[in-house]
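S.K.: Sequence:
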Amino acid sequence: MSTILITGASDGLGRALAEDLAAGGRHQLLLHGRNADRLAQVAQATGGVPLRADLSSLAEVKRLAARVSQAYDRLDVLVNNAGVGFHVDGTARQLSRDGYELCLAVNYLAPVLLTRELLPLLRRAPAARVVNVASVGQQPIDFDDPQFEHDFREPVAYSRAKLALICHTMDLADELAGTGVTANSVHPASYMPTSMSTRSGMDFVDTLEKGVSAVRRLVDGAEVAGVTGHYFDSGQEARAAAEAYEPNYRQRLRALTRDLLAGF
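Counted from 1, the sequence shown has number 112 at position 113 by numbering that gives the first Met the number 0; the numbering is strictly sequential.
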């Protein structure tokens, strides 16, 4: 039985993934969510363990990791799925509880920090996997304005955070080479019927089942065992934005990330 932590499991793709994994009865599911009522519902439906936390607070991210580390001696899979979306016409810049631009904080800094804190547990598993839910929407961070204080647009903020997560995943794979822990990122599907897609103002494009299948393949698919450092688009290996393969861009992103996470 594998122990699997899914963030953002109380709604949308995360909940559907949890229900799909629970159907086989082969996994111990740790289910993170922010809304206590919805989290309790999915935990009851799947037999998973509810873990409530607000990932817009990096202190809560660390407390979530500490709770998992105290209760379990290993972690087989970490699915960083939780995120905040965007409205296609959104121009209202929001801040996290730590004062960071919200998309950057929740969609990038939170999964980076959570993964870092849980690495000891992941290393204890015989063949652990980190699966980062990214997006086909990808744009580079402006290092002169990393907090997007000027000319803010929600879709661009979302896309910047998702490319940053893809870059981090590739760096993580390099860092963990030879340890048995793999790290991959995936665009599950486009505008699935979820509350996040509804908020975006866009029409639905793909089914939720397509997204679940794409992520599930990286969670426990035998055919991708040992595969690491790759970006997948709807389950198929794909090419991310050019910056993901540029050493200078990734180096600058690592430096920015260290600065933003200093003290946490």
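There could be a bad hint or two in this list.
Stated by the list, open to error - Each pair of labels, with its calculated beta carbon distance range:
1) G220 / Y190: 48 to 54 Å
2) F142 / E222: 36 to 42 Å
3) R51 / T206: 27 to 33 Å
4) R123 / Y190: 24 to 30 Å
5) D202 / D258: 36 to 42 Å
Since the hints were derived computationally from the structure, they do not count as laboratory data.
Each residue gets a CB set at the ideal place from its N, CA and C atoms; glycine is no exception.
S.K.: If a hint holds in the structure, say so; if it does not, say that too.
M.R.: Verification of the supplied hints:
A hinted range of 48 to 54 Å for the beta carbons of G220 and Y190 is inconsistent with their spacing of about 24 Å. For the pair F142 and E222, the supplied restraint of 36 to 42 Å holds, since their beta-carbon distance comes to about 38 Å. Remark: the range hint 27 to 33 Å for R51 to T206 is upheld by a beta-carbon distance near 29 Å. Against the hinted window of 24 to 30 Å, the Cβ-Cβ separation of R123 and Y190 comes to about 38 Å, which falls outside the hint.
As the Cβ distance of D202 to D258 is approximately 39 Å, the hint placing it in 36 to 42 Å holds.
This entry does not satisfy hints 1 and 4, going by the numbered hints stated previously.
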